[in-house]
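Take these sequences, add in the hints, and give me the full structure.
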Amino acid sequence: MDDLVYTIAFYILAAITIASAIGVVTKHNLVHSALLMALCFIGISGLYVLLQADFLAAVQILVYSGAVAILIVLGIMLTQRRSMENTNPNSGWPRGAAVVCALLFVVILIVIAATPWHYSSSMAAQDTPSVLARLLFTDYMVAFEAAAVLLLAAMMGAIVLAKGGEEK
Amino acid sequence: MLHDYANIGMLLVIALLFPFLALGASYIIQPRRPGVEKSMPYECGVDTVGTTWVQFRISYFLYALIFVVFDVETIFLYLWAIKFQQLGLAAFIEMFVFMMVLVIGLGYAWNKGGLEWK
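Going line by line, the protein sequences match chains L and E. Every number in the working numbering is 8 more than the matching position in the first sequence, counting from 1. Every number in the working numbering is 343 more than the matching position in the second sequence, counting from 1.
Rather than coming from a laboratory, the hints here were simulated on the basis of the structure. Keep in mind that this is a model prediction, so the values were computed, not measured. Warning: the hint list may mix true and false statements.
Distance ranges between label pairs, derived from CB positions [what the hints assert, rightly or not]: (1) E/347 / L/127: 24 to 32 Å; (2) E/353 / L/31: 19 to 27 Å; (3) E/453 / L/108: 43 to 51 Å.
Example chain L residues on the side facing chain E (calculated, C-beta under 10 Å, incomplete) [as the list claims (entries may be wrong)]: (4) 89; (5) 124; (6) 145.
Ideal placement from N, C-alpha and C gives every residue a C-beta, glycine not left out.
Structure (C-alpha cells):
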C-alpha cells in the first residue's frame, strides 16, 4: 500500500516538475517563465521529501522558491519594456537545440548506466537536521565559514554592480 | 516520516480542488448579462493609466539580494539553534564569526546607501 502511494506521489511530483520546466522554456512571457520556475522548485522539493531528505526540502522551498524566484522576478521587472509579450522567444534554430539536448540526454544516460551504484542496507537517517548540525559545526567548519565569505562576496559584488564602484 | 507528509498531501489536494470548485460552481450558476460597465477591467478605484508593466527601481533588487543572503543565513542559524545545547562554545564562536562576516556585508550595503529609499 505504502509503495503504491509513494510511486503515485513520485510520478505526480515528477510530472509537475517536468511540465513546469517545459513551460519555463516554451512560455513567451518571461514573468510566466519565472513563476513556473518557482513551481518547478516546489516539485523538486517534493521529490526531496520522497528521498527522506526533509531538511533539504524545506531549504529548497525557503531559498529557491522563496528567495531566488523573487530575485529573478525582480530582475525581470527591472528591465524596461512596453509589454511583456514575446520577451522569451523560442530558439530560431530548433534543430540544433534538439541535437544538443539529445546528445546531453544520451551522455547523462550513459553516465547513469555506467555508474556502479552502491545500495546502502541501513535505514534512512531520522531527524536529519540534528545530524547535519553536528557535521556542519565539527567536520565541515571551514566550509561553513567559507560559505559566509562567499555570501559576503556575492552581496558586495551585487551592490557594486547596482550602485557603481568608487569614482576616482 | 513519510506518513507525516500525508497531511501536507491532503492539504495540497484540497487547496487545488477548492478554487476549481468555487470558480466552477460560479461558472455554472451565474446569470450572464454582459454590459459595457460590467466588461470594464475592474480593480478598486479609478481606471489604470499607462502601461501595466513598469520598470522597477534598483532598490527592490538590492533588498531582494540582501534578503537572499540572510535567508541562507537563517538556515545555518536554524541548524545551530536546534543543537545549541550539545555543540557548546566552539560552535558559538563559529556562529559568531559567521554572523560577523555577514554583518560586515550589511554594514557595507548600509554605507553604500543600498538600504536607502529615495
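Hints violated by the structure (listed by number, smallest first): Result: hint 5 breaks, nothing else.
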